[in-house]
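> Take a look at the letters that make up each chain.
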Amino acid sequence: MITLPHTRPLPLLVAFLAPFILHPSSFSADWLQFRGPNGGGVSTEAKAAGPQLKVAWSVSLPGRGLSSPIVVGDKVFVTCASGPEQHSLHVFCFDAKSGKTEWERVMRASGRTMTQLKTNVAAPTPCSDGERVFAQYSSNDLFAFDLDGNLQWLRGLTYDYANASNSLGMAQSLSVVGGTLIVQSENDSESFAAGLDVTTGVNRWKIDRPKAANWTTALHLDTGGTKPVVALQSSKGILGIEPSTGREVWNYADGASTIPSSAMGGGILYAASHGITALRPEGSSVSQLWRNEKLNPGTASPVIIGDAIYVLNNAGVLIRASTKNGDEAWKLRLKGPFSGSPVAAGKFIYIAGERGDFQVVDTTAKDGEVVCTVELKETILSTPAISNGAVFIRSDGTLWKLN
Amino acid sequence: MNTRLLFCLALFGFGSPVHAELSASIEKLRAVDREGKGNAAATAAWADIVKSEAAALTTILGGMNGANPLAENWLRTAAGVVAEKSAAGAGLPVESLVTFLQDTKNAAAPRVLAFDLIRKSKPEMSEKLAMSLLGDPSSELRRYPVSKLLEEGDAALAGKNTDAAAVSFEKALVAARDEDQIKSAAKKLRDLGKTVDLPRHFGFLMKWHLIAPFTNVERKGFEVVFPPEKEVNLTASHPGKGGDAKWVEFTSKDDYGMIDFNKPFTMLKEVTGYAFTEFDAAEERSAEIRIGCKNGWKVWLNGELLFARDEYHRGMKLDQYKLPVRLKKGANRLLVKCCQNEQTENWTVEWQFQMRICDATGTAIAGAK
Numbered sequence: 000m001i002t003l004p005h006t007r008p009l010p011l012l013v014a015f016l017a018p019f020i021l022h023p024s025s026f027s028a029d030w031l032q033f034r035g036p037n038g039g040g041v042s043t044e045a046k047a048a049g050p051q052l053k054v055a056w057s058v059s060l061p062g063r064g065l066s067s068p069i070v071v072g073d074k075v076f077v078t079c080a081s082g083p084e085q086h087s088l089h090v091f092c093f094d095a096k097s098g099k100t101e102w103e104r105v106m107r108a109s110g111r112t113m114t115q116l117k118t119n120v121a122a123p124t125p126c127s128d129g130e131r132v133f134a135q136y137s138s139n140d141l142f143a144f145d146l147d148g149n150l151q152w153l154r155g156l157t158y159d160y161a162n163a164s165n166s167l168g169m170a171q172s173l174s175v176v177g178g179t180l181i182v183q184s185e186n187d188s189e190s191f192a193a194g195l196d197v198t199t200g201v202n203r204w205k206i207d208r209p210k211a212a213n214w215t216t217a218l219h220l221d222t223g224g225t226k227p228v229v230a231l232q233s234s235k236g237i238l239g240i241e242p243s244t245g246r247e248v249w250n251y252a253d254g255a256s257t258i259p260s261s262a263m264g265g266g267i268l269y270a271a272s273h274g275i276t277a278l279r280p281e282g283s284s285v286s287q288l289w290r291n292e293k294l295n296p297g298t299a300s301p302v303i304i305g306d307a308i309y310v311l312n313n314a315g316v317l318i319r320a321s322t323k324n325g326d327e328a329w330k331l332r333l334k335g336p337f338s339g340s341p342v343a344a345g346k347f348i349y350i351a352g353e354r355g356d357f358q359v360v361d362t363t364a365k366d367g368e369v370v371c372t373v374e375l376k377e378t379i380l381s382t383p384a385i386s387n388g389a390v391f392i393r394s395d396g397t398l399w400k401l402n
Numbered sequence: 000m001n002t003r004l005l006f007c008l009a010l011f012g013f014g015s016p017v018h019a020e021l022s023a024s025i026e027k028l029r030a031v032d033r034e035g036k037g038n039a040a041a042t043a044a045w046a047d048i049v050k051s052e053a054a055a056l057t058t059i060l061g062g063m064n065g066a067n068p069l070a071e072n073w074l075r076t077a078a079g080v081v082a083e084k085s086a087a088g089a090g091l092p093v094e095s096l097v098t099f100l101q102d103t104k105n106a107a108a109p110r111v112l113a114f115d116l117i118r119k120s121k122p123e124m125s126e127k128l129a130m131s132l133l134g135d136p137s138s139e140l141r142r143y144p145v146s147k148l149l150e151e152g153d154a155a156l157a158g159k160n161t162d163a164a165a166v167s168f169e170k171a172l173v174a175a176r177d178e179d180q181i182k183s184a185a186k187k188l189r190d191l192g193k194t195v196d197l198p199r200h201f202g203f204l205m206k207w208h209l210i211a212p213f214t215n216v217e218r219k220g221f222e223v224v225f226p227p228e229k230e231v232n233l234t235a236s237h238p239g240k241g242g243d244a245k246w247v248e249f250t251s252k253d254d255y256g257m258i259d260f261n262k263p264f265t266m267l268k269e270v271t272g273y274a275f276t277e278f279d280a281a282e283e284r285s286a287e288i289r290i291g292c293k294n295g296w297k298v299w300l301n302g303e304l305l306f307a308r309d310e311y312h313r314g315m316k317l318d319q320y321k322l323p324v325r326l327k328k329g330a331n332r333l334l335v336k337c338c339q340n341e342q343t344e345n346w347t348v349e350w351q352f353q354m355r356i357c358d359a360t361g362t363a364i365a366g367a368k
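Going down the list, the sequences are from chains A and B.
Number 402 marks the last residue of the first sequence (numbering that gives the first Met the number 0); no jumps.
Number 368 marks the last residue of the second sequence (numbering that gives the first Met the number 0); no jumps.
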């Protein structure tokens, strides 16, 4: 039995628990969206996935997909698209423990399914608010199911807005904040972002976005304030908005990448802009702390672990740099090339190369070290998910659980 | 309520309270529309429908007839759940699914779903059924028999029976509506020395009059109304970018009907061109104008703007955009605006489009002249 000190026991207990009370996602095993909690790519659960991973199970998928799996409780959700024109849109729910299929739903694309050959229609990662799973596709079809597979609502965003499409394929993933689902359809023509009521799918707001193809995903900024802010990234910069109204909070207008998304840590936004630019959003303004143009993320989005930022460049080199000033600490060449992004749990980074090499990097080793490689022997273009001490990763034909 | 749905409800015993409820629920799904309209009511209706027994499957499929793509997906997923439960229980009502499939008055989408359900439940039966779908109104249902014919042709070729192979490939080409199968059949026939007229098969419009260059500096020409948008006068010339713009005749020699502005006007940048042709329809009818284009474009049919798209160099494919239209009997005037932008990369030199006229299945509609 633990005996608490007699003096001021309550404040001490509150101080200990405060981070977890203030951040409900802390120590949660759920991985609810692209790059997990708040889109940061870092697991917040206590049971970290270790360094030595093996395949626990694998299941075959009937169609292609670049989307990441997401995990809600003991359910893993994955999307894919099949058929000669990728018109058939699948949502799968698997039991996380066994890999057994719990349910599958198959829909038909109402929007355009044309994509560049490397990507495909099931490119956006689904997301969940813990009660529902939301799945979007490059065709701009959007579906909401409850966790048991009951259809709650659907939208055809290209059916609604006829020029909202990208002939290269769209890949912006969904995120949900409060009761609002953030949807982006940013392209060269009818470019927009919208906030949808999670219960009905009806627009709460819709705003025009820069007319330029964009594959980045909205980032929920956990700045510790009372009002949440979501960052929408584009070639023009990064726009901070209120997720419930779409109203502008602040605007960083110095340009940003249209492929890798940014990352958040300790109240600082590490923007994929001119390499990496560290920004401090405060109220209605945003100030620049530092910029390192050599920290150039390729396709992959950066991750923040403690006081370090990790950037994977297009040469397949993982770079560790300081979050305080952007100074580089070490570089580590991985087995690439890479289309997916790294994710992290504890001191380990997990990433899969396009040639199927799933790699675990110990970030505390001097100059970093690859401590485990699992050869999955398929082309992998997606980003892993972490839940309950396991890592989930998918290819065009397979979903694996590693633990 | 449409007549097809009424017919299905009648088959299912329309009139009883249970079936009246099913009918009402289906109507709620059919009422969904753009921007989430009807979603709230549809959620509860969907939950009611998925409680149905297997016998209701064809009624649910019948609800997809004439439905918009959003309602189709509500009903498709409901049918999927009912089928899944039925397959795990008393089994699928295969006979009624076959009847539904074979009735070509039903829409393509639910018939494809019916076929998929039959295939999962009775694969051998579906294989036999598939061979009867070679001339089906659904291009998707044609895929399997076309693929079998291609296999038969390959087998005949392996046995050095080139005549039999050519017959199989010819049948496959006539029936095929999807680009991959058409390409495959055409190549196999050409390898055997046979003549294949792909533009005729697809229904590409090959003969045009072109005029250029008008300006598209800063991509502003896309919205400018240049003289051809006001009146097409094939003998007129107009002030253009860097000189007068004049109409020239252009006939495509390309298998895929490419209308290439670079050929008569050279590889220009930040320019706008127009293409004009007439299509003579034997009768007034529904049709689809299908266009592939990686430049900014607009299309008018008989003076009515059908669609406008200001995306540049993100890719092009056959049937990239499908525009449902009503053709009038006789001459139908088609005007295409095609804008080239400022990009200088080698993958941005194309200034072109392809257009064909076909029915909703993709079957070419031949011009009357």
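Everything labelled a hint here was simulated from the structure, so no lab data went into it.
There may be inaccurate statements among the hints.
Unchecked claim - Here are the simulated distance ranges between beta carbons: (1) B:E341 with A:T100: 26 to 34 Å; (2) B:N67 with A:P83: 22 to 30 Å; (3) B:E230 with A:P83: 39 to 47 Å; (4) B:E52 with A:E103: 15 to 23 Å; (5) A:G129 with B:D196: 53 to 61 Å; (6) A:G282 with B:R332: 17 to 25 Å; (7) A:P336 with B:T234: 50 to 58 Å; (8) B:E341 with A:K96: 25 to 33 Å; (9) A:K117 with B:V224: 34 to 42 Å; (10) A:A161 with B:R325: 12 to 20 Å; (11) B:E123 with A:P83: 18 to 26 Å; (12) A:K99 with B:T194: 48 to 56 Å; (13) A:E247 with B:G65: 38 to 46 Å.
From a predicted model like this one, the values you see are computed outputs, not experimental measurements.
Yeah, the Cβ is synthetic: ideal placement off N, Cα and C, and Gly gets one too.
> Taking the numbered hints from earlier one at a time, note which ones the structure violates and give those numbers from smallest to largest.
1, 6, 8
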